[in-house]
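Colleague: One-letter residues, chain by chain:
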Amino acid sequence: MSIRVENSLVATDSSDGLVSIRVGAQTFGVPVLSVQDVISETPINRVPLAPPEVAGSLNLRGRIVTAVDMRRRLGMEPRAPDDRSMSVIVEHGGELYALVVDDVGDVLWLEPAEHEPGPVTLSSEWRAVCTGLYRLENELLLVLNIAQVLMLTGHSTLAA
Amino acid sequence: MNWGWRLDDLVADFIAETREGLEALDSELVRFEQQPGDPATLGGIFRLIHTIKGTCGFLGLVRLQTVAHAAENVLGAFRDGVLPVTPVAVSAVLETVDLIRSLTDALGATASEPEGDDSALIARLEGLLEATPPVAADAPAAAARSQGDGDARRLIDRLGGDATLDAAAEAAVGRLPSDGVIGPLFRNADADRLQAAIRESLGALARKMERGRAFATALAGFVDKPLTGAEAEGVFALVAEALGALDISDAAIDQLAMLVDCEPAGAAGSAPDPRAAATPDAVVTPDPAAPATAAPLRGDAPSPKGEGETSGPAQTIRVSVDALEHLMTVVSELVLIRNQLIQTLRLEPESPFAAPLNRLNQVTSELQEGVMTTRMQPISGAWAKLPRLVRDLAQDLGKSIDLVMVGQDTELDRQVLELIKDPLTHMIRNAADHGLETPAERAAAGKPETGRITLQARHEGGAIVIEISDDGRGLPAEKLRAKAVAAGILTPVQAEQMSDLEARQLIFLPGLSTAAEVTSVSGRGVGMDVVRTNIEKIGGAIELASVEGRGACFTIRIPLTLTIVSALIVECCGERFAMPQSSLVELVSASDGSGRTIEYIDGVAVLRLRDRLLPLVSLQTLLGLEPAGEPPAETCIIVARVGAFTFGVIVDRVFDTEEIVVKPVASVLRHLKLYSGATILGDGSVILILDLKGISVETGAGQGAAGVADGDDAEEAGKRQAMSALLVFRAANDTLKAAPLASVSRIEEVAADQIEWIDGRSVIQYRGRLMPIIGPDAAAANAWDGPEQRPLLVFTRDDRSVGLLVNEIVDIVESVVETDMTAAGAGALGGLIIGGVATELIDVSYYWSRAFPDEDAGAGGVADPPAAPVVEARETASSADPTGRRRLLLVDQSPFSQLLLRPLLAQAGYEVIVAEDPVAALGLYDAGEEFQLIMADTSSPENARQLAVTLNRAAGWHKTPLLSLAIHNTMTTGAAGGMAHSTLLDAVSGALGELRGAA
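From first to last, the protein sequence lines stand for chains A and B.
Just so you know, the working numbering puts 114 at position 117 of the first sequence, and the rest follows in order with no gaps.
Position in the second sequence (first residue = 1) + 409 = the working numbering.
Keep in mind the hints are simulated off the structure, nothing from the lab.
The reader is advised that the hints may include incorrect statements.
Claimed, not checked - If you want the footprint, here are the derived chain A segments under chain B, 3+ residues with CB under 8 Å:
id, region
1, 34 to 44
2, 47 to 54
3, 57 to 65
Every value quoted in this text rests on a predicted model; they were computed, and no experiment measured them.
Virtual Cβ for every residue (Gly too), placed ideally from N, Cα, C.
So that you can see chain A by itself, here it is in the shape it has in the complex (with noise of 0.2 Å):
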């Protein structure tokens, strides 16, 4: 799946750079500035007690990235094992992590005056991992705050 950009393709001073991904049936989108790279299927080592949204450990080029799985992290249903997946490495507080996420996309760049408040019909979960939304042409797309996303408490999944 790929989504189709109808706003300018020009980035100006005033867009947000968002990279849009999607995980489940929502599309997320992540600031470009904090993406470092994006990788397709790797193989990810578990990391046995750890907290169930974290998928285990990586290996990027010789750093040892830990892999978060976004359909855990946001309460949906796990993938199915033969469902492909995508990665967007982001950096935190000095350390690297990967975003298991089902499907990467274009990077948009948005007109920040769009940038609406998420709405209140969110979850409490879902509200604390994202600062608003786009309206697209499609869908709507719901932008990820990389901390709040990255503070896992160990609790248990959400529910979707």
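Once you have looked at the hints, place chain B on chain A.
Modeller: Only chain B this time, still in chain A's reference frame:
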């Protein structure tokens, strides 16, 4: 031209150099204090201060320069022997060093010299100088008071400064022509220049406070022929007169006169040599109350180290720490990539890349080693401040302390060095403050008045071992117990039961300080727990040994490098993990074939390993893993040791040992105590490094170190059936016999030709030693015809073994033992019915005594607990000397246990009386029997209660120690609740030892 940048650079360099110099100064000054006669040391100190002073002047750092100058003067006075080296003087110089250090730090922080007034310190330094006589052979005492007019100013000031000198010089020059003797000598001299020369030379002499020839030399430049002493003195006399006329005090003039050496160069110098006049303690300054003498400072190479030390060009350059760190990181990456390449190469040995890759491999290893070396520094860096610390402590505490440092050149990783500085300082403070006694106390205790603290460093395996020991009063186990109870950490009962060895470990708990009052020297009792935590954080361990009244010794063991470690790769349930080699002791496999099985005591898995019971933990259980596929035929057990706790980890498979680069655990995983890091293997997979300390905690380390049988955990269990594991075998004539499985340490197979004969006894070579073997009829074993091998049951006690040759091993059964005592014959404990068949239960001790007929009956089979420090072992051993056979009362109903325990204890030299139940025991009490120890089974609440009630009535036995045993245990156990012989004997001797100690 950017002078600003240049100067900053210079200042930065200055700060770095000065800091280094100051560190050296501390130790050098303390050493100098001990050996004031050593010119090399003083020379070094003088040069250091001098350099600092010079650079300060160059950089325009006035405050620093002034202070350094004042110190330099004092040092100069030391050098010329004018000022005696007293603790007061040295303390003043040390204070100056401290001041210079703080000023330098401030300079580094703010890029400018801080404002401040150092006149007090400077006055003190100069005061030291003033009080000394410049020359005094004929009037020592008077000379000391030569500032007799009560004027405490410097000489130059009392002479009226340069201005007055100038005036006097002018007057003197003016009168020269009228002097018939010396006038003609100077007739060609330029009056102005002569006047200036006189003024300057006398001014210099007055400032330097050093007798010198400056005056005579200056004059010599104005005459045609060499000047005699008398002539020079004549000139001076004129100057003196002039000074007198200018109202300068006679005392000052006399002092100046003494500084002027008028003898021409090369003359023997009739003037008394000021150096010879070493007036002791002419220093008139208040003496501090402390009578302390800091005793000699000694290192590996006692002074003087010789000129070789300081001479020779410096072979070092200064590199920023960041640059080294970066280099280290990059090399680590290179190592990982090299590993990956090598891994790939293994799959394709014929590849054209093979040759260059192998060379790359070697080169990378060399590079790695080389970079590691840059991180290694001698431990003297961490010890640099300690001599000064000890000196100051000795003075503050009024004690006499000798600090001995051995192994200063032992190298360790820079990072580790930084981390141990504080713990070491803390422990030295403790030793000085709490450990060592005052000279009076030491004398009363028959010890030398000077206490000694010894610091020793050496390499051992891949670790550095640092020992801090003192010969003070040791760690008071009783006090620690009391403190722990008072602090609510222990209940009184627990404290009672705690052995001295364990009680001393209490010192590592937060909040315990046995100091009567918290002194400013060693602070609150927050120290040792922090020390231990810090040491363990870097993968090290700390142990302690102490003998009360004799001293204490702390041993710290730290791995040499933090980043790259040797690790064993293991697999469990399809997942791989790394275990740091440094904590591993050995690998053991437990399978049906090896004769070693995992046993369970109350659901806890243990392994019997050479007479010790090893608690086991399964990695699978610990990590919540699910088995993948078939369970492996063999279970691998990795025996690890953390501190004094040894345990085993059960895994599925063991791969090989690899050098791995330790990467930190991700922050979201940091709360997991079982992991100490992560690494990338050669094949690119990321695996976790297990933290053995974390695992040991899970295994129950430190939860009441078992002094008694491990079976104690089963105490809360309900009444259990007395089942025992028996090894059934066929002896001669195919008769069935059985031996308690607990007593069999190994089962081997031997061939007939392995049996050898020595001195009428049959032996075989076993594990590098000769082991006696006997046949099932307890006679010497005979060889048999035929090539087949026969089973050999090996019984081990302490480090001796005996083998029992049998025809065939039949079975291992668990049987409720119903003994038929009437069937007992020699060498048998009785007859049993096993599976409906009559079987003779052998008495192992009987076989033992047949194998070692010369073994002392009363030797007391006390085994040295391997983990205990030597000190403790000595204590135990001495208390095991039987001054009379000790009587033990065993209260237990199970005939089987009686039959096993009793011979065992009797063998060890105790006299054992058995009572079937508490009532029978009471009967013995009524009969007036006395025992040194009572042993009873308290595994069931009923038993325990009965026993308690009964013993209560036996008032005379209230002081007798009670050893609780859990004899009746569950499921498969060896006899006696799975107790190893040595554990039981240790417990008994330990309990008896306590009694001795109390008595």
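Colleague: Taking the hints in turn, state whether each one holds.
Modeller: Hint-by-hint comparison with the structure:
1. 34 to 44: This one holds; 4 residues, not fewer than the three required, reach chain B with a Cβ under 8 Å.
2. 47 to 54: holds (count 5)
3. 57 to 65: holds (count 3)
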